[in-house]
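Heads up: the sequence lines are chains A and B, in that order. FYI, the numbering for the first sequence is 10 to 567, going by the working numbering. FYI, the numbering for the second sequence is 9 to 371, going by the working numbering.
These are calculated hints, taken from the structure and not from any lab test. Be careful, since some hints might not be right.
[What the hints assert, rightly or not] Listed next, the stretches of chain B that the computed footprint assigns to chain A, with coverage defined by at least 3 CB atoms under 8 angstroms from CB atoms of chain A:
no., stretch
1, 86-93
2, 97-111
[What the hints assert, rightly or not] Residues of chain A placed beyond 10 angstroms of chain B at every Cβ, according to the derived structure:
no., residue
3, A198
4, W314
5, G438
[Said to hold, decoys possible] Some, not all, of what chain B presents toward chain A, calculated at C-beta under 8 angstroms:
no., residue
6, A82
7, P158
8, F318
Positions of the beta carbon are idealized from the N, C-alpha and C atoms, including for glycine.
Residue-level listing of the chains:
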Amino acid sequence: MSPARLGRPRLDRPRLFAYLVVLGLIWLVTYPLLLTLIEALGGAGTWTLGHFGEFAGRIDEWRALWRSLWISVASVVLAGLVGVPLAFVFERTDFPGRRVLGALVALPVALPPLVGVIAFLFLYGESGFVSRAVQTVLGLDQPPWRLHGPGAILLVHTYSMYVYFYLFARAALARLDGSMLEAAAALGAGRWRILWRVTLPQLKPALLGAALLTFMTSLGSFSAPYIFAGGYRVMTTQIVASRVNGQYALAQVEAMVLASLALIALWLIRRFQGAEAVASAHGVAPVRRRIERPAARWGFAALGWGLAAFMLLPHLTLLLISLVPHGTWTVELWPPVLDFGNYRELFSEPERLRPMLNSLWMATAATAGAVVLGLMAARQSLRQGKRLGGALEVLVALPWAIPGTVFAVALGTAFSVHAPWFGRFVWIGTPIILPLAYLVRCLPITGRAALAGLRQLDPALEEAARSLGASSFGTLWQVVLPLVRPAVVAGLGLAFITGLGDFVTSIVLYTFETRPISIEIQSSLRVQEFGAAAAYGVLLMLMSAGAFLIWGRGEGRP
Amino acid sequence: MSSFLEIRHLDKSFGDVQVLTDLTLDLAEGEILALLGLSGSGKTTALRLLAGFETPDAGEILVDGEDVTGLAPARRGFGMVFQHYALFPHMSVFDNVAFGLRAQGRKAGLGERVDEMLELADLAGYGGRKVSEISGGQQQRVALARALAPEPRVLLLDEPLSNLDPALRERTRRELVAAVRKIGITTVLVTHEQEEAFHVGDRVAVLHGGRLEQVGTPADLYQSPRTRFVANFVGRSSTLRGFVDEVSGGDEVWVALGQVQDIAVSWSGVPAEPLEEDQRVEIVVKPESLRLATSETGGALPARVVENRFTGPLTYCIVRLMGGEEIQVLADDTRPAPHADVFVAPRPGGPKPRIFRLEDDAE
Numbered sequence: 010m011s012p013a014r015l016g017r018p019r020l021d022r023p024r025l026f027a028y029l030v031v032l033g034l035i036w037l038v039t040y041p042l043l044l045t046l047i048e049a050l051g052g053a054g055t056w057t058l059g060h061f062g063e064f065a066g067r068i069d070e071w072r073a074l075w076r077s078l079w080i081s082v083a084s085v086v087l088a089g090l091v092g093v094p095l096a097f098v099f100e101r102t103d104f105p106g107r108r109v110l111g112a113l114v115a116l117p118v119a120l121p122p123l124v125g126v127i128a129f130l131f132l133y134g135e136s137g138f139v140s141r142a143v144q145t146v147l148g149l150d151q152p153p154w155r156l157h158g159p160g161a162i163l164l165v166h167t168y169s170m171y172v173y174f175y176l177f178a179r180a181a182l183a184r185l186d187g188s189m190l191e192a193a194a195a196l197g198a199g200r201w202r203i204l205w206r207v208t209l210p211q212l213k214p215a216l217l218g219a220a221l222l223t224f225m226t227s228l229g230s231f232s233a234p235y236i237f238a239g240g241y242r243v244m245t246t247q248i249v250a251s252r253v254n255g256q257y258a259l260a261q262v263e264a265m266v267l268a269s270l271a272l273i274a275l276w277l278i279r280r281f282q283g284a285e286a287v288a289s290a291h292g293v294a295p296v297r298r299r300i301e302r303p304a305a306r307w308g309f310a311a312l313g314w315g316l317a318a319f320m321l322l323p324h325l326t327l328l329l330i331s332l333v334p335h336g337t338w339t340v341e342l343w344p345p346v347l348d349f350g351n352y353r354e355l356f357s358e359p360e361r362l363r364p365m366l367n368s369l370w371m372a373t374a375a376t377a378g379a380v381v382l383g384l385m386a387a388r389q390s391l392r393q394g395k396r397l398g399g400a401l402e403v404l405v406a407l408p409w410a411i412p413g414t415v416f417a418v419a420l421g422t423a424f425s426v427h428a429p430w431f432g433r434f435v436w437i438g439t440p441i442i443l444p445l446a447y448l449v450r451c452l453p454i455t456g457r458a459a460l461a462g463l464r465q466l467d468p469a470l471e472e473a474a475r476s477l478g479a480s481s482f483g484t485l486w487q488v489v490l491p492l493v494r495p496a497v498v499a500g501l502g503l504a505f506i507t508g509l510g511d512f513v514t515s516i517v518l519y520t521f522e523t524r525p526i527s528i529e530i531q532s533s534l535r536v537q538e539f540g541a542a543a544a545y546g547v548l549l550m551l552m553s554a555g556a557f558l559i560w561g562r563g564e565g566r567p
Numbered sequence: 009m010s011s012f013l014e015i016r017h018l019d020k021s022f023g024d025v026q027v028l029t030d031l032t033l034d035l036a037e038g039e040i041l042a043l044l045g046l047s048g049s050g051k052t053t054a055l056r057l058l059a060g061f062e063t064p065d066a067g068e069i070l071v072d073g074e075d076v077t078g079l080a081p082a083r084r085g086f087g088m089v090f091q092h093y094a095l096f097p098h099m100s101v102f103d104n105v106a107f108g109l110r111a112q113g114r115k116a117g118l119g120e121r122v123d124e125m126l127e128l129a130d131l132a133g134y135g136g137r138k139v140s141e142i143s144g145g146q147q148q149r150v151a152l153a154r155a156l157a158p159e160p161r162v163l164l165l166d167e168p169l170s171n172l173d174p175a176l177r178e179r180t181r182r183e184l185v186a187a188v189r190k191i192g193i194t195t196v197l198v199t200h201e202q203e204e205a206f207h208v209g210d211r212v213a214v215l216h217g218g219r220l221e222q223v224g225t226p227a228d229l230y231q232s233p234r235t236r237f238v239a240n241f242v243g244r245s246s247t248l249r250g251f252v253d254e255v256s257g258g259d260e261v262w263v264a265l266g267q268v269q270d271i272a273v274s275w276s277g278v279p280a281e282p283l284e285e286d287q288r289v290e291i292v293v294k295p296e297s298l299r300l301a302t303s304e305t306g307g308a309l310p311a312r313v314v315e316n317r318f319t320g321p322l323t324y325c326i327v328r329l330m331g332g333e334e335i336q337v338l339a340d341d342t343r344p345a346p347h348a349d350v351f352v353a354p355r356p357g358g359p360k361p362r363i364f365r366l367e368d369d370a371e
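Chain A with its partners taken away, still in its complex shape:
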């Protein structure tokens, strides 16, 4: 009897491998969350709703929850109000410098959140550049404003998240079928009517996608609330504060509540998106309207360059501050002394260099792991049936929907107990835990990139290789990997940047030995060593920008 006569659903080697990948992902992604939930409920044997009751009974908690929610909604609105008009300007009109500026405007996406936050601090904070200038010019005794509270958070969110709307809307505008707009015009519709009735409805899926991304990012945002609004707690900062105060169970409850909120939001927005029929346009994108009137042309150009300057100003400030030696700049408008002292110290003192090396090796290890795991999961998810494949896809995407703080708490919970038979080890306080946390956080990026690359791969190519006698490994190595490399490398770049600049999981899980750059920036700020903090920020920025330029181009974030 030929092997073909064996029953069909059988556990052959590829399927077994797929199950192993699923198991590994469950252990890494869902198991820690489940353990956290169990412990929040008092743990097996001692079930209690007491911790949840404690949470529900405290007004602070409800306040933090409400703040997280409204700040996220407001961030979506503000980011949309900035990003969408910009997309129209850069996609539908033509003026001098459009290309360069169009790329510059997307810059904030490539920078670690913490860098943006401290750059804003140095620029608009109480002793920041702009506030100082205004104070001096107007001869005030006090700084003209304080960069504090929800306003500050929203300012930074808008600055760093409008890019999602900008990129999504631009891509959708570029895909728009120009003949459809012409058809509307031929039917007698004016410009506004076309915008409202034809263009915007077509952008809806893209805008919803950007809204989802902004909302989720904002809900999980930690750096801005932490730095700008110490007492004004949102959920993420509340969780960290509870943990720092030793209220572990409360932190677990808060983490679960925030995770639920994130998943509900994801479900709601997805449902809304699902109802939208995504029209696939086949035509040619509409022609860019060249701004012809010289005055308008220069007006647009000036506006564009002004905007670019505004975008770059925080980073330039950071660079400037990094050149100011400790304690030399007090009340002057312009720092009296500028030198490379901060950088020299950073590279010559082993304890100051350590965070750099830590971040580098941890981000590298996490990225390598996330790329391999993401690739394996993506490949199996496409090769296995709907159920197993779908499960893999969800597992890979899940860490994206769960705020980083929540994951940090979950990993801290899972890996603080020695129970090898239950897949639990005491890894907290060891050099393993942070790279592992970064890996989980990067997994959606690398997995999504690998999935995109593999989806575009013609399955016949693999079949061709196999029919020509190549082994499965040979097929993978010689045909599949070289062809998905561009997509995978783009994911790798973004994953590396995420790991390198991570602050949100690090602050929960770091130890003195494994402290990364972000933690060092925070401690420098606390002891008023602004120059050192800025120098770290600049280096982080340069490394991120370098990684983005080398690897990250041509692929958006998930």
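Given chain A, put chain B in place with the hints provided.
Chain B in isolation, oriented as in the chain A frame:
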């Protein structure tokens, strides 16, 4: 004829859909067999089962007496040309052709073998080109050279010409046949184009609904279709319904098609299966079996011209009979204008129509 490639009782279903039922075919060594069918007929599934990309639910595939049913594609020694070629875009033409040889671990004589194949495919000197830098026709030939380079036992061609524009297709087809004949490799071609199947195949197997309808030489299929489907599918055919009027001997039947001024009109044809008098039948008739007449002659049916279809060398006249059926008639020099009233009659010396029993429930 001893079989080199034996396909025995292959069954395959995807979920609840049975896509292939009891497919049995034998190929002699060096024979070219064309699997012809519409989309959804199971022809592509049959080819993928042969290649080993799918596993049959039942049945066996034997090559030279060896059962290869459970072998992985890599171990079958089958070469395949894919519909969209599936050339490796990140490799040069040379590396594409060398891929199978390298997978075999062959180092000695690799360059010579690749050059030989490129020459066979009329691509000498193209080895260094990127795949994206050559034309569609050249890509097709690279795909053939790549499939043939490792000296496969059987060559599988999946609609290899469907991606080419019609002007190029004919020439490429001739080159393909020449190359395959020169090597003398046993070949299975899958196609939905009758002309291609008839040109390339020594024999043609017609698949319909996952079942083999008939296998035979192109002339067999054309002249002696065994099923209604084949009779309708091969060539341009029209169907008429009637009753068996008279069975004369075993190979001729008269079918009453209607009445013209109280005189019954009957046409004769060859029964595809034993028939009895008064049986309801379907008569499948080719345009070249019919002629147009301007006046009532023996056995003519009145009709009205719908349109003339000019194809270059020949013109087909579409006419509508009184009963509403449209049939195609090969037009001679006279081409009546649309709406003209004409008569349709059997063409003396033309191929005889085939006659099939019409089951009661058949529509």
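Next on the checklist: Which constraints among the numbered hints does this structure fail? Numbers only, ascending.
Outcome noted: Of the numbered hints, just 8 does not hold.
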